[in-house]
Amino acid sequence: MSWNKLEGIDFKREYRSYIDALHAILTAAGRFAGTKSMLSGMTGMAFKFIIHEYLSESSMTAYGYWGKEHGEAAERLGWANVSPAGYIRHPTFPLAQKQAERSIKLSIDRGLGVVFWLPEFAVIHGYDDEDEVYFYRDGWSQDEQVMLYDNFGVAGNGTPFWFYQLLLDKWDRPEADIYRESLRAAVSEWETPHKTAPDQAFASGRLAYDYLIQALESRRYSASGGTYILKSYAGIKRDIVAYLEAIQAELGLTEAVLQAYREVDAVYRHICRFIRADEGTAALDQASFPALLKSVREAKELEEKAVHELKACIGCEDRLPGELDIALWGIASPR
Amino acid sequence: MSNMHRILWFDQQVRSMNYPNSRKLAQQFEISTRQANRDIEYLMNSLGAPLYYSAKSRGYEYEDTAYILPSLYITEEEKKVISFLAYRYEQHQYGDFDDGVKNEKLQKQVSRLFRRLSNTDSTEHSIPSFAIESAIVDTAYTLRLSLAQSRKVAIVYNHAEHGEIRGTIHPYQMYFKYYADYISAYCEETRQTEIYRLDRMVGTRMLQERFEKMHHDALNEHIDASQVRPFVAVLECSGQLNGEEWGSYNVKPLGNGQYAIEFIHIDPFIDQLLSVRGWTAIHKPKWLKEKVKRRLMQLLTDLETQ
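For the record, the sequence lines run as chains W and F. Numbering follows this note's numbering, in which position 203 of the first sequence is assigned residue number 203; successive positions increment by one, without gaps. Numbering follows this note's numbering, in which position 76 of the second sequence is assigned residue number 76; successive positions increment by one, without gaps.
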């Protein structure tokens, strides 16, 4: 076909743009009926907690190498997928753009939109060969956006990398397996200090809290990044609670686990009160810094306790059939 | 210039009210219409001809019949001086006329130049004179050219605080104020609009990459325009496109009243379309036509619900 456009893509940016995009694609295709919090939990994305040393906004997307992270997220749902990624500076980038064009059009013809790095993550939902453009949604504007085929990966992209994900086909996995695997991933995320090693500018899990505290204590942080990160994670912690409540009965999660994460959620709601909306921008209330730091430290302790309860509840020793084995396959770096 | 004979023929045809166009030029000299269009563009852009395409006569005429082709014997250096003076004379209300008395030699230089151009022997003109430093003339010429063509410029600048700095700028506007020449430009390194003094420019080099002048409130948005390919809209116009209204866009006449216009940002381009007159149809791209229609429908809806 020389022209195609998918309808019903309801893409709205909330807390994690990859989840927002994936949810829009799957629900429009009739392949997922749950909420965003369910999708965020099932993929394991809800449990990725990354903080940059100076609270850069990129904390919300720097949870590792996207080919691996998003590949695993989709596979956890049962989706076979291809997640190409790379650097724009590579001399093969124009070839990657051409391949992307072929693949994206095929995916749309099969009824599935494509997540791509805009930044942040957005959804391509149509194409027109005559004008050589993709139609996409950025999650902010109600109107669809347009991008030339040749500008894929470069238009509006101030970062040096490109990425997109093609969902191929889904196999049925027992939902209990998905839930259990996502919670084991939650423990792994908490205990892994750096997801983008050897780069240590970003910390994960437990260590991420130390970075957050250090940045606030030293007052050396990006004002816009700090507020963006805290608001986003507050929403994500809320998603975790909703997810755990939804799967509690199926997995036999203890009330202690739920209660621990509810307390984390409550602290983050309190933290959000320190974000001052000022003439259309948000900033951290400097006068309340001692109270803010106290809340962040409390959040760290509560989340440590929550993960401890989770570990005790689900048991991390048994390996599920089909569970991804990072030690076996290694990490796929962007190419 | 190898095309000068064609330029002279075209100019003569216009003056004779024969309404030449690219097809006739191509036929006359057995060249391609693409080459003919390039000749017409050269006449308009480089020789400053006020050409106006008459849809009714299907050919070009001069909007200003007083226009004459520049002398073929102007050297490149003189062209730069004229260009610099043209800019300075635009700003001449800020000049110091008393300085002219002290610079008789300069006045004579300019007078000789103007006499050659106008083919008159008059010495009666009272014109302001400006100190002409060759370095600033070169810099100003490069910057004016890049402004006209929306091309980026690589600069080496002697900053008062930071010493010698290098960068890439998108020139927006030149002006003369408090006896110094300035240019405001978007700096890719600082991602802000900066003001530079021309006499502090150590080096300037126009680059091939083009830029799109953004609206003021979007000036801090960073785009790596060197890699981004622009959209191209093909518009049909009832007359000649008004160059002043489209100054910051790269416009190419296609003939038959059609123009190809490059742009990167969609919404500001639609704003531009809705704020100017003269265009009667959007031939390409289809999605642009749809977006303009939606914008207009929204406007109508908003008006009706007021």
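Hints are computed from structural coordinates only; laboratory data are not their basis. Ideal Cβ placement from N, Cα and C applies to all residues, glycine included. Wrong hints could be hidden among the right ones.
[To be verified] The calculated BS3-like cross-link candidates involving lysine-lysine, where the alpha carbons are at most 27 Å apart (straight line), are:
| hint | chain 1 | residue 1 | chain 2 | residue 2 |
| --- | --- | --- | --- | --- |
| 1 | F | K289 | W | K12 |
| 2 | W | K12 | F | K286 |
| 3 | W | K98 | W | K68 |
[As the list claims (entries may be wrong)] Chain F is nowhere near these chain W residues, computed Cβ spacing over 10 Å in every case:
| hint | residue |
| --- | --- |
| 4 | E7 |
| 5 | R102 |
| 6 | E130 |
| 7 | Q145 |
| 8 | N151 |
| 9 | A155 |
| 10 | A266 |
| 11 | K300 |
Verification of the supplied hints:
Distance restraint check for K289/F and K12/W: the Cα-Cα separation of roughly 25 Å lies within the 27 Å cut-off, and the hinted pair is therefore satisfied. At roughly 26 Å between alpha-carbon atoms, K12/W and K286/F fall within 27 Å of each other, so this suggested pair holds. A C-alpha spacing of about 22 Å is found between K98/W and K68/W, which places the hinted pair at or below 27 Å, so the restraint holds. The non-interface label for E7/W is consistent with chain F: the shortest C-beta to C-beta separation is roughly 15 Å, beyond 10 Å.
Here R102/W stays apart from chain F, with its beta-carbon at least about 19 Å from theirs, past the 10 Å limit. Under the 10 Å C-beta cut-off, the non-interface status given to E130/W relative to chain F is violated; the minimum distance is some 7 Å. Not every C-beta of chain F lies more than 10 Å from that of Q145/W, the closest at about 8 Å, which undercuts listing it as non-interface. With a minimum CB-CB distance of about 6 Å to chain F, N151/W fails to clear the 10 Å threshold, and the non-interface call is violated.
A155/W, annotated as away from the interface, has a beta carbon of chain F within 10 Å; the closest lies near 5 Å. Distance check on A266/W: its Cβ is at least 38 Å (rounded) from any Cβ of chain F, clearing the 10 Å threshold; non-interface status holds. Against chain F, the non-interface label of K300/W holds: every CB pair exceeds 10 Å, the least being about 35 Å.
In terms of the numbered hints stated before, the structure departs from hints 6, 7, 8 and 9, listed from lowest to highest.
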